[in-house]
Each structure stands twice: as C-alpha cells, then as structure tokens.
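A.B. asks: Sequence:
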Amino acid sequence: SMISAIGVIGFSAHYYAYGFHYSWSLLASPLLIPVVAGVIIPVLYRLRVTSVFQYLRMRYGNKVGLAACAIYLFLSQTIGAVALFSASLAVATVFHVPLIWTTMAIGLAGTVYTALGGLRGVVWTDCVQAVLILMAPVTVIAKVILDSSHKDVQLRPLSDFNIKEFAFRMNLDFTSDENFWSCFLGLYVHNLFRAGMDQTVVQRYLASRTLRDAQRIMVIGIALNVFYMIVIGFMALALIYWYRDCDPMLTGAIKKFDQILPYYVKQNLMDLPGFSGLFLTGVVSAATSTISSIINSQAAVCYVDVVSQYKKLSDSHVTLLTKGLAFVFGFMMTLYAVVVPYLGSAVRIIMVVHNGASGPFVGMFLLALAFPWTNGKGVVIATILTTAVQFWQMFGKLAYNVHAPRMKVTLDYCPNNFTYVSKQIQNSTLLDGSISRRDIFPLYQMSSNWSVLATTAFTVLLGMLISLLTGGAKTWKHNIHLTSHTFLRLWSKLNLLPCDIEKQSMEEPLDEGAMKRQIALNQPLLEKDAAV
Numbered sequence: 001s002m003i004s005a006i007g008v009i010g011f012s013a014h015y016y017a018y019g020f021h022y023s024w025s026l027l028a029s030p031l032l033i034p035v036v037a038g039v040i041i042p043v044l045y046r047l048r049v050t051s052v053f054q055y056l057r058m059r060y061g062n063k064v065g066l067a068a069c070a071i072y073l074f075l076s077q078t079i080g081a082v083a084l085f086s087a088s089l090a091v092a093t094v095f096h097v098p099l100i101w102t103t104m105a106i107g108l109a110g111t112v113y114t115a116l117g118g119l120r121g122v123v124w125t126d127c128v129q130a131v132l133i134l135m136a137p138v139t140v141i142a143k144v145i146l147d148s149s150h151k152d153v154q155l156r157p158l159s160d161f162n163i164k165e166f167a168f169r170m171n172l173d174f175t176s177d178e179n180f181w182s183c184f185l186g187l188y189v190h191n192l193f194r195a196g197m198d199q200t201v202v203q204r205y206l207a208s209r210t211l212r213d214a215q216r217i218m219v220i221g222i223a224l225n226v227f228y229m230i231v232i233g234f235m236a237l238a239l240i241y242w243y244r245d246c247d248p249m250l251t252g253a254i255k256k257f258d259q260i261l262p263y264y265v266k267q268n269l270m271d272l273p274g275f276s277g278l279f280l281t282g283v284v285s286a287a288t289s290t291i292s293s294i295i296n297s298q299a300a301v302c303y304v305d306v307v308s309q310y311k312k313l314s315d316s317h318v319t320l321l322t323k324g325l326a327f328v329f330g331f332m333m334t335l336y337a338v339v340v341p342y343l344g345s346a347v348r349i350i351m352v353v354h355n356g357a358s359g360p361f362v363g364m365f366l367l368a369l370a371f372p373w374t375n376g377k378g379v380v381i382a383t384i385l386t387t388a389v390q391f392w393q394m395f396g397k398l399a400y401n402v403h404a405p406r407m408k409v410t411l412d413y414c415p416n417n418f419t420y421v422s423k424q425i426q427n428s429t430l431l432d433g434s435i436s437r438r439d440i441f442p443l444y445q446m447s448s449n450w451s452v453l454a455t456t457a458f459t460v461l462l463g464m465l466i467s468l469l470t471g472g473a474k475t476w477k478h479n480i481h482l483t484s485h486t487f488l489r490l491w492s493k494l495n496l497l498p499c500d501i502e503k504q505s506m507e508e509p510l511d512e513g514a515m516k517r518q519i520a521l522n523q524p525l526l527e528k529d530a531a532v
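When you line the sequence shown up against the numbering used here, it's residues 1 to 532, in that order.
Simulated from the structure, these hints should not be mistaken for lab results.
List time: in silico SDA-like cross-link candidates among lysine to any residue, alpha-carbon distance up to 20 Å:
no.	residue 1	residue 2
1	K255	V97
2	K256	P98
3	K477	S492
4	K143	F275
5	K256	L343
6	K474	L494
7	K143	C246
8	K255	Y342
9	K266	I254
10	K164	Y241
11	K266	V91
12	K408	T251
13	K256	D245
14	K266	M135
15	K266	H96
16	K256	M407
17	K256	V339
18	K63	H478
19	K255	H403
20	K408	I254
21	K143	V231
22	K474	A370
23	K493	I480
24	K266	F95
25	K266	S148
26	K474	L496
27	K143	Y263
28	K63	V307
29	K143	C414
30	K477	L496
31	K255	F95
32	K255	L343
33	K255	P98
Model the full assembly from the supplied sequences, consistent with the hints where possible.
C.D. replies: Shown next, in the form of structure tokens:
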C-alpha cells in the first residue's frame, strides 16, 4: 500500500528537478530496524493493542489519544491526497483532460469500492498494483537506453554529468532540503514515523501471528521500499539523460515538472501496443491502493479510538458507521487532492506537510515508550507548543513558495531548434522563487528535514521537563509495564530506576481487563495534572 503513485510520478519528478539527495535517507534505513523491531513492535505486540492510539490512551489517557488521532488523520489525508493528485495528473497529461475531472473520478471510485468492499478490496488492489507499478520504471529505462543508441538522437554524453550538484552536496546547510546531511539525518524521523508509527503500517504488524513474524514483515517492508526507490532513481536518471538539454518546462510542453514521466510516456511510448494503458493502470492502481488503505485505516481508527470510547453500538450499526466514515474520509481526501496542485509539487508537499506534523507525533510516542516518569500534562503541553511552531513554519513555507533551486537544464539539443521560447518562460522556470530569500522570515527558510528532527527533540526534552515539574516522577511505577524493556534496562544501568525494574514490568497481566484498568488509572492522573 505504501508503494504509491507518489513514488512513480512524484519522486521521479523530484529527482529530475532537484537531484538525488533524498536517496541518502535510504542509507539510514538499516538504522530504523533496531528502533522499530527492538523497541516499538515488542511493546505494542506484548500489550496486544489494536492501534498506536490505544497504546497512547493506556499511557496518558483519552485526551492524548484523541490528539494523536487528529494528527494521524491529518498526516494520512495528506499522503492520500498527494497520491491521488499524482495519479490524476498522469491521466490528465496523457489524455488531455482537465485535472479536476480525473481527480474527482479516481478519488470517488477509490472511495466507493473501499467503503463497499472493505479490507478485501484493499488486499486485492495491493496484489494487483505491486506488479503493474514496477512496469513503468523498467520500461522507461529500457526505452531510453534503446532510443539513445540511435544515430539520429542527439544527447549529451552521460559522462558529462555534474554528479556533485545532483547527489553530493555535503555542506551543512540548515536552510537546504537538498544536501547529504539534511536527508541522511533530518529525514530519519520522517522515515521512523512511516516505518514504525503510522497506523496504516502498524496494523499490518499487529495482525501478524507472532512477534517474530511482525519483525520480519517490518524488515522486508523496509528492504522492498529501498529497492523500489532505487528503481525510481534509475528511471529518474534516464529521464534526466533524455530531457536535460530539451527541458519540457522550458519549451512550454508541460506546466509542472510532476508531469515529466507522463509526458515521456505520451511522447515516446504511445506507439508501444498496450503500454500506455498498462502504465496508467499501474499508476492509478497504486494510487487507489494507497487511498483505500488509508481510508480503511482512518474509518477503523475513528470508530475504535474515538466513537467507541464514548458510545457502544451494535454490530450492524458499527458496519454502517464505518462505511459512512469511509465515504466521508474519501470525499475529504478527494477535495484535498483538488487543492494540492496549488500548493506545490507532490514530494514538496509531502516533505513540508508531513514533516510539519510527524515531528510532534514521534516525540509524543517516544516519550511514552522510553520515559515512564513522563505524564499527560507534560506530553500535552510539549506537543501543543511544538505542533504550533511546526504548523506556523509549514504555512509560511507554502505561502512564500520556499524550495530548493532547480538543477540546470537547457534547450541546446532540442529538435527543430526551439529558439522561440520566450525569456519570460525560461526565467519563471529557473528562478528559485519570486521573492528573495533575504526577505523571508528565517523560520520559513529552515529546511523541513531539519525542523522535524529539531521538533522531535524539543518535544521529548520539553515533555520530560514539564512532567518532572508537575509530579511525573511520583507516578512512574504505574507505567513500567507500558515502557520498552530496552529502555528499562538502560535506566536501571544508569541507576535512574531499580535494578529489578524489568522483572517488575513483566508481572502485570496484559489481558483486556488490565488494559481498561490502566486507562482508568491514567485518566484521573491526567485530570489531576490538569488541575495543578
């Protein structure tokens, strides 16, 4: 479900326009395994929870769980809307139909079959799209290699390629999204959320028969994602080789560089029998798979973690409610996708918006997993403050159109000598933005990759400080069985907790009654904190 049209359409265009620095985040993927497999999954699996939000309710009470649900709904709506936009853009580019029509058609179709088909519809599309979505990159790479061997095709040699600008900017620039350190370190939190805290993914882990199976699924998922992004990277390199000296945006052939892959398919692969249909099928099925997984997850989360906490319903009413919620969330996602093209490119929106909300969420979750002395008041205040700052920065970056400079492209090798292209079009394409960076507030200039890392750290530090000031150290014994054994061992070795603390954490029964007792225990503690 996570192999979506964002990768095929969005990331291939992002690599073409801004270079391959995002790929450095894949190098940090092995560092996700000990955290997700060794800390997150064992705690959730041992407690037999159905969602990350149920865990947060057990740890801090219902209000914190509701806040986490709200953040998750916003994050997942963004991913779904961008995936829908990417697929709709491909269809609109190939067939010359209005983007809003394709967006509404794909969005509503995905909503209907998800609401009516439930999880079975989701699993079916996951199986179908996995093969189809890999056909486009492989075919494009093969086609570029084949066509570039013809004598009548004029292309600059691949050896004449500024690899440093495209992939090896090593400067420690906190205002740039496109350098090694920004992507290798800054995007770790983003990837940690996607691999270990995103409910759409976590529900797959929790459905596994054993803990070892869940950990194996996580490792395989990360490996497949790395492989998939490497394939996308090679396809982007093929597109750069083909178009860098006859850029379609400079010629006016396309208006957004997100159209680069659909434009190539339209120009060079329409004569290949059946390929355009298979390409669009793969892209649309990838988008609908992502959409359906997210809608299904959102409907389940909204009922289980919100509605059921306040009102009990019969099975028939639950079915009707979840179907209705699926329709509502799908319709909201479709409307969101209609707005996406006015906010920027697909990957830029994902980076800015997703990083804006995932930092506080990851900080909140780490506080629950690692620090038994933190309380609800500390977590709530820290999360609210850091979320407010992140959203302030997010809206500022989008409003001022702050983005990295584009890679250099030319018209030197265009056929038929495209010298008629106006200087106005060329300038509007190559300039970093209409507003000088010196005129932009410094917070808006900060890279969203770095800001998500900083926000996570501030959430953890501020949450611990406020918790200690509001009596959190007095209630740590109530939370030891909800804390990761890895961190309990660490704190006992540092003499911050008793030496037998890990053994004590295993003595608490973990049946459904124990879960309810824990929520009931932490809820008055949270209310007492609020009254302090």
